[in-house]
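Q: If you want the building blocks of each chain, they are given just below.
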Amino acid sequence: MEPARAKSIDTQASPVDNESVLVAAARAGDISAFEALVTRYERKIFRLAQHITQNTEDAQDVAQEAFLKAFEHLAEFQGNSRFYTWLVRIAVNQALMKLRKRHNKDVSLDEEVKTEDSVMPREIEDWGPSPEERYTQRELAEILARVIGELDPPFRTVFQLRDIDELSTEETAEVLGISVPAVKSRLLRSRLKLRDKLNRYFQRGVPQ
Amino acid sequence: MNCKNVVRELSNYLDDALDQGLKQSLEVHLEHCEDCHLLVDTTKKTIQIFCNSEPLPLSEDVRTRLHDALLKRLRRPKD
Chain U
1 MEPARAKSID TQASPVDNES VLVAAARAGD ISAFEALVTR YERKIFRLAQ
51 HITQNTEDAQ DVAQEAFLKA FEHLAEFQGN SRFYTWLVRI AVNQALMKLR
101 KRHNKDVSLD EEVKTEDSVM PREIEDWGPS PEERYTQREL AEILARVIGE
151 LDPPFRTVFQ LRDIDELSTE ETAEVLGISV PAVKSRLLRS RLKLRDKLNR
201 YFQRGVPQ
Chain A
1 MNCKNVVREL SNYLDDALDQ GLKQSLEVHL EHCEDCHLLV DTTKKTIQIF
51 CNSEPLPLSE DVRTRLHDAL LKRLRRPKD
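In the order they appear, the protein sequences are chains U and A.
Numbering follows this note's numbering, in which position 136 of the first sequence is assigned residue number 136; successive positions increment by one, without gaps.
Numbering follows this note's numbering, in which position 25 of the second sequence is assigned residue number 25; successive positions increment by one, without gaps.
Do not rely on the hints blindly, as some may be mistaken.
[Unchecked claim] In silico lysine-lysine, BS3-like type, Cα no more than 25 Å apart, as pairs:
| id | chain 1 | residue 1 | chain 2 | residue 2 |
| --- | --- | --- | --- | --- |
| 1 | A | LYS45 | U | LYS184 |
| 2 | A | LYS72 | U | LYS69 |
| 3 | U | LYS184 | A | LYS72 |
| 4 | U | LYS197 | A | LYS4 |
| 5 | U | LYS197 | U | LYS184 |
| 6 | A | LYS44 | A | LYS4 |
| 7 | A | LYS72 | U | LYS197 |
| 8 | A | LYS23 | A | LYS44 |
| 9 | U | LYS184 | A | LYS4 |
Everything labelled a hint here was simulated from the structure, so no lab data went into it.
In isolation and in its complexed conformation, chain U is listed as follows (with noise of 0.2 Å):
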């Protein structure tokens, strides 16, 4: 069968040579190549870090800072990974520092977590028409923000990283600093959880 991310991650259709052009002018201080790829992207690392921290206030500090954390680092930027990998973890990295200040403590990600416990799928019902066909897409993007907000935060930015920003397991397990075996049973309970939780808009029945 076909892996469920089949799409490609670049949705904007940006071809990467015209991005590895701009990198090599931002990095050359062209501020305004810098600024093209900040329009690029900006939609995507302002929902990340809206979909991480929970806030919106917070969501474009962090944006604002992964941002010039970047632009001021590209000396740094290897071209070993793409461009938006490299600031997907710059961004993540502000993102949870701002989560754990906001919460005045440790929102710890490396904690033990149980996966068994749970994990079992509560309701399994067959799906109505294509969720894209039934809502618009602003209403099915306020759902996912929605019912990613109700994970804990170790289990929605492993999802984020993974099946919305499309970093590999080892990836992920590197940016966030824990292993690939605790990556993999989170991902899995925030696919099931999900998956729970977009039953209630999405189930055959449910009115629009």
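Since the structure of chain U is provided, determine the placement of chain A on it from the hints.
A: Leaving out everything else, chain A in the frame of chain U:
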């Protein structure tokens, strides 16, 4: 392969990371178990909906603030 094993291997199956033997026995189970078939299908859709969703445009206000703040900082001469 039983239903519990399907749940355990679900992510690996959806990520196409199962070895051939396990994948085959899981698929044989899916052919006969409606609940597991639906579980696999709706979990796959869950991932696709998130993966395919476009982030909403930033409001003009937020966008202006972000760009203005960045330009202000980036144009500032280094100490």
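Q: Evaluate each hint against the coordinates.
A: Hints, verified against the model:
1. This hinted pair checks out: LYS45(A) and LYS184(U) have alpha carbons roughly 19 Å apart, not beyond 25 Å.
2. Using a Cα cut-off of 25 Å, the hinted pair LYS72(A) and LYS69(U) holds, with the two alpha carbons roughly 14 Å apart.
3. Of the supplied pair hints, the one linking LYS184(U) and LYS72(A) is violated, its CA atoms being roughly 42 Å apart against a limit of 25 Å.
4. A threshold of 25 Å between alpha carbons decides the hint, and for LYS197(U) with LYS4(A) the separation of about 20 Å falls inside it, so the pair holds.
5. A C-alpha spacing of about 20 Å is found between LYS197(U) and LYS184(U), which places the hinted pair at or below 25 Å, so the restraint holds.
6. Between LYS44(A) and LYS4(A), the direct Cα distance comes to roughly 17 Å. Compliance with the 25 Å bound is thereby established for this hinted pair.
7. Restraint check for LYS72(A) and LYS197(U): not satisfied, since their Cα atoms lie roughly 42 Å apart, outside the 25 Å limit.
8. Restraint check for LYS23(A) and LYS44(A): satisfied, since their Cα atoms lie roughly 16 Å apart, inside the 25 Å limit.
9. With a C-alpha separation of about 17 Å, the suggested pair LYS184(U) and LYS4(A) falls inside the 25 Å cut-off, and the hint holds.
Consistency note: the structure conflicts with the earlier hints numbered 3, 7.
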